[in-house]
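Q: Chains as they are written, first to last, in the working numbering: chain Z, 1 to 289; chain E, 1001 to 1253; chain F, 2001 to 2333.
Read the hints as simulated data drawn from the structure, not as lab findings.
One should not assume that every hint holds.
Stated by the list, open to error - If you only want the chain F side, here are some residues facing chain Z, beta carbon under 10 Å, derived:
# : residue
1 : Ser2142
2 : Leu2145
3 : Val2173
4 : Leu2175
5 : Ile2280
6 : Leu2284
7 : Leu2285
To be verified - PhoX-like mimics (lysine-lysine), calculated; alpha carbons at most 20 Å apart, straight line:
#  : chain 1 : residue 1 : chain 2 : residue 2
8  : E       : Lys1132   : E       : Lys1115
9  : E       : Lys1119   : F       : Lys2126
10 : F       : Lys2002   : E       : Lys1115
What the hints assert, rightly or not - Sample of chain Z residues facing chain F (criterion: CB under 8 Å; computed from the structure):
#  : residue
11 : Phe100
12 : Glu177
13 : Met178
14 : Ser180
15 : Leu182
16 : Val224
17 : Gly255
18 : Trp258
19 : Pro260
20 : Met277
Backbone N, C-alpha and C define an ideal beta-carbon position, used for all residues, glycine too.
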Amino acid sequence: MVTSSLLMHILNGLAYGMLLFMIAAGLSIIFGLMNVVNLAHGAFYLAGVYIAYSLVARHMGFWPSLLVSVAVVAILGVLVEKWLLERVYGRELEQVLLTFGLSFIFADLVEWIWGSSPLTLPVPEALDVSLNVGGMMFPAYRIFVILVGCLLAVLLWYIESKTRIGAIIRAGVDDREMLSALGININVVFTCMFAVGAALAGLSGVLGGPIMGMYVGIDAEILVSSLVIVVVGGLGTWKGAFIGAIVIGVVDTLGRVWFPSFTMAMVFLIMIAVLLMKPNGLFGRGAAA
Amino acid sequence: MSLLKVERVHKSYNGLQVLKNVSLDVQAGERHVLIGPNGAGKTTLFHCMTGTLPIDEGVVTVNGRQISGLPPYTAVRVGMARTFQKNNLFDNLTVEENLHLAIAACKPYRFHFFKPFYKYTDLLEEAEQLLKQWDLWERRACVVNQLSYGEQRLLELLLALASKPRLLLLDEPTSGMSPAETAQTTRLMQSMPRSITLLVIEHDMDVVFSIADRITVLHHGEVFLSGAPEEIRGDERVKEIYFGGGAPLYAEA
Amino acid sequence: MKKETVALHVAFVAATMLLPLILTSYGLKLTSEVLIIAMFVMSLGLIIGFAGLVSLGHAAFFGIGAYTVALISEHVDNTWLLLIAAVVTAGIVAFLSGLMFIRSSGAYFLMITLAFGQMLYAIAYKMEGVTGGADGKAVSESFNLGFGAIESRLAFYYVAAAAFLACYYLLRVFLSSPLGKGVRGIKENESRMTALGYNTHLYKLTVYSLSGMMAGFAGALYAYFNQYISPDLLHWMFSGQALIMVIVGGVGTLLGPAIGAGFFVILQNYISSYTERWPIIMGLLFVCLVLYGRGGVIHLASLVWSHLQSKRRTGREKSVLPKEGSGFESLKG
Chain Z
1 MVTSSLLMHI LNGLAYGMLL FMIAAGLSII FGLMNVVNLA HGAFYLAGVY
51 IAYSLVARHM GFWPSLLVSV AVVAILGVLV EKWLLERVYG RELEQVLLTF
101 GLSFIFADLV EWIWGSSPLT LPVPEALDVS LNVGGMMFPA YRIFVILVGC
151 LLAVLLWYIE SKTRIGAIIR AGVDDREMLS ALGININVVF TCMFAVGAAL
201 AGLSGVLGGP IMGMYVGIDA EILVSSLVIV VVGGLGTWKG AFIGAIVIGV
251 VDTLGRVWFP SFTMAMVFLI MIAVLLMKPN GLFGRGAAA
Chain E
1001 MSLLKVERVH KSYNGLQVLK NVSLDVQAGE RHVLIGPNGA GKTTLFHCMT
1051 GTLPIDEGVV TVNGRQISGL PPYTAVRVGM ARTFQKNNLF DNLTVEENLH
1101 LAIAACKPYR FHFFKPFYKY TDLLEEAEQL LKQWDLWERR ACVVNQLSYG
1151 EQRLLELLLA LASKPRLLLL DEPTSGMSPA ETAQTTRLMQ SMPRSITLLV
1201 IEHDMDVVFS IADRITVLHH GEVFLSGAPE EIRGDERVKE IYFGGGAPLY
1251 AEA
Chain F
2001 MKKETVALHV AFVAATMLLP LILTSYGLKL TSEVLIIAMF VMSLGLIIGF
2051 AGLVSLGHAA FFGIGAYTVA LISEHVDNTW LLLIAAVVTA GIVAFLSGLM
2101 FIRSSGAYFL MITLAFGQML YAIAYKMEGV TGGADGKAVS ESFNLGFGAI
2151 ESRLAFYYVA AAAFLACYYL LRVFLSSPLG KGVRGIKENE SRMTALGYNT
2201 HLYKLTVYSL SGMMAGFAGA LYAYFNQYIS PDLLHWMFSG QALIMVIVGG
2251 VGTLLGPAIG AGFFVILQNY ISSYTERWPI IMGLLFVCLV LYGRGGVIHL
2301 ASLVWSHLQS KRRTGREKSV LPKEGSGFES LKG
């Protein structure tokens, strides 16, 4: 009995970890490639889930809502990058401040439009069943999220290591100046990566809606967990983000069950422990810290 | 009596072996010059001696005290000071402020926090004396940015001297200087009291031979040859390394 | 010190002390709040402007100070003891956390301090039994330094003003001392400082701990002032506000952050009486600040300031705008 409930917590943790992975992957690549600590990344999550909520509430259906919502967030990402961030590239602190300001604006706009009481996104009907996992009934939707996360990880790994785009990104993380020397239009690469990162965060928001619910302040929680993952996993690597997200997701979930008050403290301790042993994170490249 | 002893030092950097089994013995009072083509590992050796870069293997001792493995700021405590190949100054501070920081580094009151800096008169006097001695007194209120390159290079040297070192490591003190400035710097090095031991990285062979008591040639991270200036000057293989086509493609690490 | 400088300082102290003569009761309360927040922001300005450590979790120490007073005042009523406890607790936490954080720099330092602050926020939020959770806690103990309870707004103003002046002059002395000069040298050029023989980590750790203590002190006073504390005091939004106050006021100056604090606290009070959408306004201010640069900000600030001045009396007589060239470049390092 104990083992099967532990198994369930771990599965829950994996589902949560996958949601975090989708955010942290974007955050990590944006940080690694563009040197931007995007504090507005949690806001993309927020935008994703709330837009999907409104669409579902208008009987659009979960899957079309998901697509539309992710597309809108991606466009939002492009706008933020093109209109605002592009003006302050190379100025680290100003970028942080800019995205920090944006995160307030987005969060407060959401509260303004949708109110401050917690909402939830209904689980899509097709997945609103439970599966028998090792003798325990477990929601199929969460299994689905875990699968999506793993698929995404494989896809990103494939893109990173096997395609030209991946090669460009890897080169850019290691040496940004090399990209322009190779005759690649950095601005386009940056805009695309930012849009992809935003879309991933939006996707995470929509998929997370039925599990996590939505409320004011979840953006900050998600963002901080993702930042911790980036620090733990090492900047600029999807692999690091994946492993980091699983660790943090599981620890966070177990923490919520066993020591609800100290969940964040446990997550934080993991980060400190990793930092003390490996200042560049588990899979970090180059000298950063 | 040997003041600095480097024994069997190894150092790898991003999978590249930069220093291989380097041993070096510098006698007290000696003017020891380190030469070698770009990428030979000269500056890396400096970094390893001062603790700026941790070494993989080997021991560095100054005056019998082991300093390898200790944090880099302790180098000054054993009487070792260094300059940098590229000027590494407090660019937004004045000449005087630069020097004050350098002098205060060795004062017991460097951690005091209740008495203003300008009340430590010994510090001000020492700075004044050094600045006058080195012809920078007139420029004391200038921000480093406003100094000429040669003056900045001089200040670079002065900051290292401020700790009254017994062993001074100079990393290409004449790099980027005009012929006149190079000659002046050479004279400065020659005129330094023998109580200060010099270990100098230098490319300009005229400078090398006008100051060196002893020369060590570093090549591909290894000590190729070490000897008196005449020996080095006469050695065909050194000429081959230095002037022949054997210069490696990678840049100075 | 030159005669003019002495005169200037006398005038500064006198102005602070005489300010209540022209303030309404509401103005007194607001100015007291400004002074307390100013101490906090000054402590952040110390590590940002003079040590180059940009933290996004500095509210942690303010919150620790405030919570220490709130939680211990249930058992102890001696104000001196509570203040000391708050400063010591904040100092110890700053020292221990600094021990771990100070090895990292730049964006890493920022992310780690942010995570640290949010961790304390989460603890305060969730440990309802001890901290009162999201509802916070009332602080009923009165402020008493041994001369009877200080309850009037005027009396508390003088407490805040004295504390502010003490902190300000303490920092001045600190920054002109060998230790303070060393800290500035590290911000200018850390590798040279190491080569000169300075243990730079120790210097940074010292200034970080000092800053944490001062933030804790400000937080402790705030608990008495506000008579209520909540997890918001630990939140990253508060840390971020403090950061923006430092930047608006002037990085690398001592009084600048205090002026930034005054500007923001008053602006927030003003705007909050019209709309609840203060975060949006603040966010927009961030964005404008970044996009329209340094000179623009100071210009903008002075415009808004004069507008405010004409609309209603704000209580601050002199508006000392920060020096030019004290913006972002000086933050790099």
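Q: All the hints need checking, so say for each whether the structure fits it.
A: Evaluation of the provided hints:
1. The restraint placing serine 2142 of chain F at the interface with chain Z is violated, with a minimum CB-CB distance near 30 Å, outside the 10 Å limit.
2. For the restraint placing leucine 2145 of chain F at the interface with chain Z, the shortest Cβ-Cβ distance is roughly 35 Å, beyond the 10 Å limit, so the hint is violated.
3. Look at valine 2173 of chain F: its Cβ only gets to about 29 Å from chain Z, farther than 10 Å, so that hint breaks.
4. Given the 10 Å rule on beta carbons, the hint for leucine 2175 of chain F is violated: about 22 Å separates it from the nearest Cβ of chain Z.
5. Interface hint status for isoleucine 2280 of chain F: upheld, as the beta-carbon distance to the closest one in chain Z is roughly 4 Å, under 10 Å.
6. Interface restraint check for leucine 2284 of chain F: the shortest CB-CB distance to chain Z comes to about 6 Å, inside 10 Å, so the restraint holds.
7. A hinted interface residue such as leucine 2285 of chain F counts as satisfied when its beta carbon comes closer than 10 Å to some beta carbon of chain Z; here the least separation is about 7 Å, so the hint holds.
8. Between lysine 1132 of chain E and lysine 1115 of chain E the CA atoms are separated by roughly 26 Å; this puts the pair beyond 20 Å, and the hint is violated.
9. Note on lysine 1119 of chain E and lysine 2126 of chain F: the hinted pairing is violated, with a Cα-Cα distance of about 51 Å set against a maximum of 20 Å.
10. Taking the CA atoms of lysine 2002 of chain F and lysine 1115 of chain E, the gap is near 17 Å; set against the 20 Å cutoff, the hint holds.
11. Because the beta carbon of phenylalanine 100 of chain Z sits about 5 Å from the nearest beta carbon in chain F, less than 8 Å, this interface hint is met.
12. Hint status for glutamate 177 of chain Z relative to chain F: violated, with the closest Cβ pair at about 18 Å, above 8 Å.
13. Given hint, methionine 178 of chain Z at the interface with chain F, is violated; its Cβ is 21 Å from that chain's nearest Cβ, farther than 8 Å.
14. Given the 8 Å rule on beta carbons, the hint for serine 180 of chain Z is violated: about 22 Å separates it from the nearest Cβ of chain F.
15. Look at leucine 182 of chain Z: its Cβ only gets to about 26 Å from chain F, farther than 8 Å, so that hint breaks.
16. For valine 224 of chain Z, the suggested interface contact is upheld, since its CB lies about 4 Å from the closest CB of chain F, less than 8 Å.
17. For the restraint placing glycine 255 of chain Z at the interface with chain F, the shortest Cβ-Cβ distance is roughly 10 Å, beyond the 8 Å limit, so the hint is violated.
18. At about 13 Å, the closest approach between the beta carbon of tryptophan 258 of chain Z and any beta carbon in chain F exceeds 8 Å, and the interface hint on this residue is violated.
19. A hinted interface residue such as proline 260 of chain Z counts as satisfied when its beta carbon comes closer than 8 Å to some beta carbon of chain F; here the least separation is about 6 Å, so the hint holds.
20. The beta carbon of methionine 277 of chain Z comes no nearer than 12 Å to any beta carbon in chain F, farther than 8 Å, and the hint placing it at the interface is violated.
In this structure, the hints that do not hold are numbers 1, 2, 3, 4, 8, 9, 12, 13, 14, 15, 17, 18 and 20, in rising order.
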